[in-house]
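> Now for the letters of each chain:
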Amino acid sequence: GDSVTQMEGPVTLSEEAFLTINCTYTATGYPSLFWYVQYPGEGLQLLLKATKADDKGSNKGFEATYRKETTSFHLEKGSVQVSDSAVYFCALPLSGAGSYQLTFGKGTKLSVIP
Amino acid sequence: DAGITQSPRHKVTETGTPVTLRCHQTENHRYMYWYRQDPGHGLRLIHYSYGVKDTDKGEVSDGYSVSRSKTEDFLLTLESATSSQTSVYFCAIKPTSGKQGEQFFGPGTRLTVL
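Top line first, the protein sequences correspond to chains D and E. Sequential numbering from 1 applies to the first sequence in our numbering. Sequential numbering from 115 applies to the second sequence in our numbering.
None of these hints come from the bench; they were simulated from the model. None of the hints are false.
Distance condition first, Cα-Cα at most 25 Å in a straight line; then the derived DSS-like pairs of lysine-lysine:
#1 D:Lys-60 with D:Lys-106
#2 E:Lys-213 with E:Lys-171
#3 E:Lys-125 with E:Lys-171
#4 D:Lys-106 with D:Lys-52
#5 E:Lys-213 with D:Lys-52
#6 E:Lys-213 with E:Lys-184
#7 D:Lys-60 with D:Lys-77
#8 D:Lys-109 with D:Lys-56
#9 D:Lys-106 with E:Lys-213
#10 E:Lys-171 with D:Lys-106
#11 D:Lys-56 with E:Lys-213
#12 D:Lys-56 with D:Lys-77
#13 E:Lys-213 with D:Lys-68
#14 D:Lys-68 with D:Lys-56
#15 E:Lys-213 with D:Lys-60
Far from chain E, by Cβ distances over 12 Å, these chain D residues were calculated:
#16 Asn-22
#17 Thr-24
#18 Lys-56
#19 Thr-65
#20 Arg-67
#21 Glu-69
#22 Thr-70
#23 Val-112
C-beta: ideal position from N, C-alpha, C; glycine also.
Isolated chain D (complex conformation) (with noise of 0.2 Å):
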């Protein structure tokens, strides 16, 4: 069935370190993909967003590549921030799902220390 993989963590970096998050998916077809995150103490909120093959979805400085070749949407960020510090989840529609279902990785913690 439909599913993501992302990297476990927790992952610790230091204020303007870069961050890559890895994410793979399995699905039928090509379904948009999408990066949550959950700051401390809150729901998730959407991050960032591909539609399609080769889409690079963007926002606060995180970026992500829809990769149909290896099925991947790794997020990353160049300089990371203390207020970077969240929970992140790699999320995809569920094929068939006329609920709009997600499923969603198990998430990475990333902690930015100054």
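Model the placement of chain E on the given structure of chain D, informed by the hints.
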């Protein structure tokens, strides 16, 4: 934030007691979802609703029931709480104008079952 509130925000209860969590939205969105978040499992769908009195099961529905008698309210009930239901529960909506995969989340309810 799509006007989503959850109540209560925190609850401690004892094994065997019934518990009801409430999700309230102010914008008449059709699709609503209940998730649970647990370490090592990410977010998992419990139940969802696609309209008043229209609900269906998600991935981890055992031990849970839901009701939606009004568009704005989606209730999650644990008929007889167990310690394995200790978790953080999130409600989400799919915005009416949103594309597949776009969901807005409430702030969460932290439930502890002793």
